[in-house]
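*Asks:* Listed in order, the protein sequences are those of chains A and B. The working numbering puts the first residue of the first sequence at 1, with every later residue one more than the last. The working numbering puts the first residue of the second sequence at 1001, with every later residue one more than the last.
Careful: at least some of the hints might be erroneous.
Taking lysine to aspartate or glutamate pairs in the EDC-like style, the calculated list, with each CA pair at most 20 Å apart, reads [to be verified]: (1) B/K1249 with B/E1202; (2) B/K1249 with B/D1193; (3) B/K1249 with B/D1179; (4) B/K1249 with B/E1324; (5) B/K1249 with B/E1206; (6) B/K1150 with B/E1202; (7) A/K251 with B/E1042; (8) A/K4 with B/D1179; (9) A/K251 with A/D164; (10) A/K4 with B/D1134; (11) A/K167 with A/E97; (12) A/K4 with A/E132; (13) A/K4 with B/E1122; (14) B/K1150 with B/E1100; (15) A/K4 with B/D1293.
Covered stretches of chain A (in silico footprint by chain B; criterion: 3 or more residues with CB under 8 Å from a CB of chain B, positions within the stretch not fixed) [what the hints assert, rightly or not]: (16) 9-20; (17) 76-87.
Since the hints were made in silico from the structure, they are not lab data. As the structure is a prediction and not an experimental result, all values here were calculated from the model. Where a beta carbon is used, it is the ideal one built from N, C-alpha and C, also for glycine.
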Amino acid sequence: MNWKTFFALLSRDAHVARRNFITLVLQTFLQPMMFVFIFGRVMVSSGYMPAIYKSLLLPGIMAISMIFTGVWAVAMPLVSEFQFTHEIEDRLLAPIENSWLAIEKVFFGAAQAVVAGLAVIPAAWLLLRPVELNLTAPAMFIAITILVALLSACGGLALGCSIDQTKIGLMFSLVLTPMIFFGCTYYPWNALANFPILQKIVLVNPLVYASEGLRGSLVPQFPHLPIIAVLLGLLVFDVLFLLLGLRQFRKKAVG
Amino acid sequence: MNTMLAGIRTRDLRKVYSSPPPRAAGGGFAARRKSKKQPAREIVALDGLSLDVQPGEIFGLLGPNGAGKSTTVGILTTRVRPTGGQAWIGDYDVWGQQVEVKRLIGVVGQRPNLDFTLTAREILLFHGAYFGIDSQTRSTRAAELLDRFKLTDRADQLARGFSGGMMQRLSIARAMMHDPQVLFLDEPSAGLDPQTRLLLWEILREYNQSGKTILLTTHNMEEADALCQRLAIIDHGRNIALGTPAELKASVPGGFLLRLRFGRHSPELFERLNLLAGVREVRADGDGDNKADVYADRGGPLVSEIANLAAGCAVELSDVHISEPSLENLFLHHTGRSLRE
């Protein structure tokens, strides 16, 4: 393994991210913050939502921000660089196995997702305070955060190498939006108890494990899936998306 | 950096695309079906190509669009998986030892693929970093290349805003950044003005003098003639002629080519043309058989004799085009098609 090349690839991505910092921040925070403001402040202060909802909402918002950031950070450059600008070709000729370039993308996307997730907490806290966070098992929280970040980046790799440039809009409306709405982000999984079939079906949505996991480690006072189910679910989807993504990447990289 | 002298070898290289070729191979193929039994979309890009490029040689692949030049470069640079056959850069098997091969090669693709979010200098610096070059050497080398390719005054601007010619120059500079033993250039002078083309040739000759191997594809005769020590003419994925430019030119019967058009077809006239002094070969060409390609060892002086012959057979000579010994004639001789068709 050629670490020099790997770190050079990482530093290139970091350089580009720094250059696009403002856009990146807006992209990551604008939507979740608006959501936090409307549902956490407007709806709560006007009495349409109970104050307790604020604490329930925060982990879900964190999950959305992380998933969105990771998918976007990995998938969008891959779609345009493979299909349109071909910028990636120079890096495919770098002296390292092609798969390591994909892994570098996942690593960088996951790091961005972690930063987004951790930055959303204080930002949302400022808007929502007071919120009742009970970080009783920090190690578990870190583990889940990392698994969620990897989920987003591996998902981004699989999507970015599978989707046609002309169908990016479709990816958002057909894949990401339903994932967010049926991902237990704005409500806990057990709130679906009245819809037993739906409650089973949503278990194929990886975002369920992300938001339930973050809920379980940040606000364990609310009902959530057992942590072991969360860890298992996240692991399975991480590995699945990584393998699928690597396969698609190798197909794209070589004619 | 690697100082091993490296040549290029291919044995029976085959590539069949089952759908339109990806961009890594340059695209744009004349579709050819192998046989009627195979699915209609199968396209044979390379059909058993064997090449031997010596270390330190400037070697040209000459052929029309769709001949398989870019696919060959794609395979040799690890970007296209061969359907059959083998290829080596130096001692390394291209498909089996990709990382070692990538260390030895520099590649200029047919179309720009620069990193548009970086400046010209950053493009060179990051490229150097991918190859593990230390930062001091990187800066020096980047500055030298920017200067050599006359890009210094735009060095700190984003490559996004560059003109086509500037992007091409920067792509070539980037490919040289890690001082590769083997440099691949896929139609390097396409889109360059004549002055820049001369600059590029000079830079390539200089690079070659330090023992580096250069393989370039072109359909520009002048470029092949001026730059390449040896050439392979390829068509339909096969090597149809190989040699130095001089050898290849000498292999065309007579060297001169007179393309004639008559008012009507006359077999008698064709027979008489064959008997003219200096005429080596007469070929009927094109529709209606009123055209003839005459290969001869002289050009202009033949025209009046041909006109007289035609008048003697009551045929009007309506058009004459004389070309001097050139690779273009050679291509035409071997394929029956002009390079520009």
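*Asks:* Now, for every hint given, state plainly whether the structure supports it.
*Replies:* Here's how the hints hold up against the structure:
| no. | hint | result |
| --- | --- | --- |
| 1 | B/K1249 with B/E1202 | violated (23 Å) |
| 2 | B/K1249 with B/D1193 | violated (27 Å) |
| 3 | B/K1249 with B/D1179 | violated (33 Å) |
| 4 | B/K1249 with B/E1324 | holds (10 Å) |
| 5 | B/K1249 with B/E1206 | violated (25 Å) |
| 6 | B/K1150 with B/E1202 | holds (13 Å) |
| 7 | A/K251 with B/E1042 | holds (18 Å) |
| 8 | A/K4 with B/D1179 | holds (17 Å) |
| 9 | A/K251 with A/D164 | holds (14 Å) |
| 10 | A/K4 with B/D1134 | holds (10 Å) |
| 11 | A/K167 with A/E97 | violated (29 Å) |
| 12 | A/K4 with A/E132 | violated (45 Å) |
| 13 | A/K4 with B/E1122 | holds (17 Å) |
| 14 | B/K1150 with B/E1100 | violated (32 Å) |
| 15 | A/K4 with B/D1293 | violated (60 Å) |
| 16 | 9-20 | holds (count 7) |
| 17 | 76-87 | holds (count 3) |
The structure fails hints 1, 2, 3, 5, 11, 12, 14 and 15 (numbered hints given earlier, in ascending order).
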